[in-house]
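Read top to bottom, the protein sequences are chains R and Y. Just so you know, we're using the working numbering here: the first sequence kicks off at 1 and counts up by one. Just so you know, we're using the working numbering here: the second sequence kicks off at 473 and counts up by one.
Some clues are possibly wrong.
What the hints assert, rightly or not - Below, simulated EDC-like cross-link-like pairs (lysine to aspartate or glutamate); rule was C-alpha separation at most 16 Å, straight line:
#1 R:K95 x R:D29
#2 Y:K580 x Y:E630
#3 Y:K914 x Y:E768
#4 R:K428 x Y:E630
#5 R:K422 x Y:D823
#6 R:K359 x R:E315
FYI, nobody ran anything at the bench for these hints, they're computed from the structure.
Here's the letter readout for the chains.
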Amino acid sequence: MVNLNLVLPEIFISLSIMFLLILGVFKKDSSKIIFNLSLFVILITAIIIINETFSVSRETLFNESVVVDSMSSLMKIITLVGGFLVLVISSSYLKTFKIYNIEYPVLILCSILGMMVMISSNDLIVFYMGLELQSLALYVLATYNRDQLKSSEAGLKYFVLSALSSGLLLYGCSLVYGFSGSTNFDIISNQLNSEEYVLTFGIVFILVGLAFKISAVPFHMWAPDVYEGSPTTVTLFFTIVPKIAALTVFIRFLYVPFLNLIDQWQMIIVFLSIASMVFGAVAAIGQTNIKRLVAYSSIGHVGYTLAGLATASNEGIQSSIIYISIYVFMNLALFSCLLMLRRNDQYYENIDDLSGLSKNHPLLSLCLLLILFSLAGIPPLAGFFAKFYVFKAVLEQSMYFLAIVGLLSTVVAAFYYLRIIKIMYFDKEKEKYDTDHSLWLKFSLSVSTILILFYFIFPSQLIEVVSRINII
Amino acid sequence: MNFPILSSLILLPIVGALFLFFTKDKDGNNLTAKYVALFTTVVNFLISIYLWISFDQLSSSFQFIEDRTWIDGFIDYKVGVDGISILFIILTTFITPLCIISVNNSVKNRLRDFLIAILIMESFMIGVFCALDLVVFYLFFEAGLIPMFLIIGIWGGERRVYSAFKFFLYTLLGSVLMLVAIISIYWITGTTDVVQLYDIGIDVKYQNLLWLAFFSSFAVKTPMWPVHTWLPDAHVEAPTAGSVLLAAILLKMAGYGFIRFSLGLFPVASEVFTPLIYTLSVIAIIFTSLIALMQEDMKKLIAYSSVAHMGFVTLGIFTLQQQGIEGSIIQMISHGLVSAALFLTVGVIYDRMHSRLISTYGGLVSVIPKYSILFMLFALASLGLPGTSGFIGEFLILMGAFKDNFLVAVIASIGVILGAAYMLWLYKRVVFGKLINEDLKKILDLNRSEYFILSCLAAPILFFGFYPDPLINTIEVSVTDLINMHNTNIASK
């Protein structure tokens, strides 16, 4: 008998999506209700996860095609928290552009559902289903501000390139299936051994597809354009939530089906990691648009998370998960600041618009200062610890080259973060921005900034939660 | 467990900064903010004096140790002092209030934020000097970049942006390799606790690389030739109080790091790399003294003289002799006082004339005699005249150097002469000569607060010049212990 309680979160969220859609069709002007209801849905889902699955160390369902373990529970919770906060700070932005519709929360719920399926997948087909569900929702979200040319362009670009990468992924999956005779991760893991060199093609195709989804160099080209064109709140969603799911799948693939082939994929991951760290740092220097800059910076941060994965150790996986969780909060705080740059119903997103911000808005710029230093990885802020754990894991495996390149690229990256700080603090001030921000926006900014600032006082808690994850 | 006196030293300035953060910022001379900051730092100074009094000079082990689990099974928050670090803590708590008094004229806007930055800086600097865990040390060492970057960048001179970036990126670049080394030490030995590491020792085959990684960070911060170029820029552009903090305390972090970590943790590698340090130090002494001779800008001249003086310090540390190391520590303390005083004296006339160029001045002695006398005292202390603290340091360093390597000591002694040359020439051009610039006739002599600050600095310079025993007694046992530990380590390898 299948214990359905373990997939209750997914069941609940899909039923809610249907209900919300029906409600939206039959009730007029229901966007506000649906927004609030979807927030509730996310909260309840999170509570269900904590109640039902958080203590489960590892269970499989449906012929072992779905797995529920401590990693999946934790990553689902982070996904839901990210989704919740994105949704919560979106409303005033959407209202400004008159796109405050019922579809937005429903699409976000859909993609969250897809991600939860991805996170829990233990089977190629289940994985692919989740991936496509979240991607389809994301394509629409990217074009959500459809009256703007840039938004439509972003959506189209994302769709074309993403479809291409899905194709590569599928081809890789079919190769792996051909060699192992099964779509189940555990069985694949037992069937594969490193003597079959043609299998490497399958692995490479799968890794390319996944690298595309988390925008690792050299499969990052879509990210800056899509991030710049999409509505800012959607960009925020792009930069954090899908990354969590894709990272989990990455971990799952590397450490379950391909565990015996470490020699073959480790170099690939190291390369992806180094390329992303270096390229993310160097390419961001010339940017003038904050959203593009965030795109490159997120490429760099993906590089650091991959560095943790490349270690092939539990500590490495845990450090990557810590990194991505801290990164979620840093990006959330950064975008909250970005959403506060509003004057007469217009949002500003160029770096020069920050000029002299510290004179007119001392508190906002102080928050931004802390966030940027944290992103640059300067102690004692949270971003430093994120990097610290990753490099601790990397050095445990004596991968000195990776560690030194990574740390040197933080110095390069520090330059462009410092440039923003310079513009904020050292340059002449401009006109004031509006200060009547929604309570939720202020809330998310202050909470995430406080977490970033005071993380160093209680660093053990996060480690404790994450240390339950033992994949290998 | 006793009262956590070191943690309170670290935390008190932060509490003061928080308090300031919640007061309202006023334009112009924000007296409330100043008094709050001054009060905090003076209390901190008194606590540190109490620390010095209750410090047991006869014991070589770390005292006032606090040890708390911070990250389970990995890092402890561990602080403590021995004879070497306690002097640096007192130097820090002594200089900071003087900085705060001195901000009268130099900082025009956002005084409250400036004071917050200085207070936070103080707490990080104290943290550096009492950290007994490598990760905790690194944390404080790096965190200091943030307030200093802002101090230079927001309140600095014309080329402040360039200087602030250069300062930040140079130091960060040096430090990341140290982070790699610290984590590697953890994986090699299983701990980052300095006291335990002293006992266990680090395997000889790793020492050279680890030493180089630490060196890359300390060399930038010291700064040693050829990575000293950030210092003149940072000094020149920083506001007076910022320059004082930089010269008096920030540079000492690296010298302290050399003694505590490079010597203590990597004895074999320190022997191996002594020629490297000697070469770089001697180049720094001679080369930067020559550069200092040619400077038009007073602040730049003093900045280059700092590089030369720090050359003496590194030379003294790596003589690995009792006198050399003691001399280096005293030289660092003395340089902390003297360079602070020199930057403040330059600040005094800069506030009045808004020029740092030597050619602007000349003949000051006939208009502002009080100022000229104090300036003379500091200039003489800087060149190491007997009777000032500068002499004790240089003398001991050279004594240690002669014991170890005659040639190096001879070349370094030439540096002493060059030091006298640039300092006296500076003094001659600024203070003596004809009064050509008409504007100078209206210049005012020291006001009360300036007079107070400079006398506060002059007193210890003279006192320790004649009677260095309090300093030497404090450090002696710790240095002897360090040398003994070093020698046993070398002998056993």
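To see whether the hints hold, each was checked on the structure:
no. : hint            : result
1   : R:K95 x R:D29   : holds (13 Å)
2   : Y:K580 x Y:E630 : holds (15 Å)
3   : Y:K914 x Y:E768 : violated (23 Å)
4   : R:K428 x Y:E630 : holds (14 Å)
5   : R:K422 x Y:D823 : violated (26 Å)
6   : R:K359 x R:E315 : violated (44 Å)
Checked against the numbered hints listed earlier, the structure breaks hints 3, 5, 6; every other hint is satisfied.
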